[in-house]
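Numbering (the working numbering), first residue to last: 14 to 172.
In case anyone wonders, no lab produced these hints; they're calculated from the structure.
Only a predicted model underlies this, so the values are computations on that prediction, with no experimental measurement involved.
Mixed in with the good hints there might be a few duds.
[Said to hold, decoys possible] Listed next, the in silico DSBU-like pairs over lysine-lysine satisfying Cα-Cα at most 30 Å (straight line):
1. K69 - K21
2. K21 - K35
3. K69 - K35
4. K55 - K35
5. K55 - K69
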Amino acid sequence: MSRFTPRKGMPSPRLDEAEFRKRFLAQFRDPGFNSLAQELDKIAAAAWDAYSQSRKAPRTRKAGSQFADPDYDLSVDWLAARDAIVDAHGRHADRSKRTILLINCSARSEHTCPGEMSKSYRLVEIAREVFAAAPGVSIELLDLSRLASEYGRHIHPCK
């Protein structure tokens, strides 16, 4: 047994139903949703039920023979992400193709901040042009500015 004990005692992040409803329904404040108030009440109730029951992976399937516990119920979203990682690993291992990954780490864009595009994005575009001119090279772009400017994108903290 470990002689180290994890330090715990931070306040719970769990919301009560009233606060959950308030935050959930905040995304529907536009007057275009006014005629859907009854439907939104039902949707908010279903969302509260999922939250209060901690259903983080509501859609699952059996893990299968490639896992230590084939009968374990795994999230279909997790399995899809895993399949994408396995596929990416295969592409990475293929030495016949050279791929350059360019990453724009700036959260800023002309869509989130007044003015012009970020210097980081401009530099990524210059790098893309340089590598595009090289024979046998493909380019992948990871544009993290989309997390701040594109609807529905979030970075969730590691647990």
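Hint check:
{"no.": "1", "hint": "K69 - K21", "result": "23 Å, holds"}
{"no.": "2", "hint": "K21 - K35", "result": "29 Å, holds"}
{"no.": "3", "hint": "K69 - K35", "result": "20 Å, holds"}
{"no.": "4", "hint": "K55 - K35", "result": "14 Å, holds"}
{"no.": "5", "hint": "K55 - K69", "result": "20 Å, holds"}
Comparing the model with each earlier hint shows no violations; every hint is respected.
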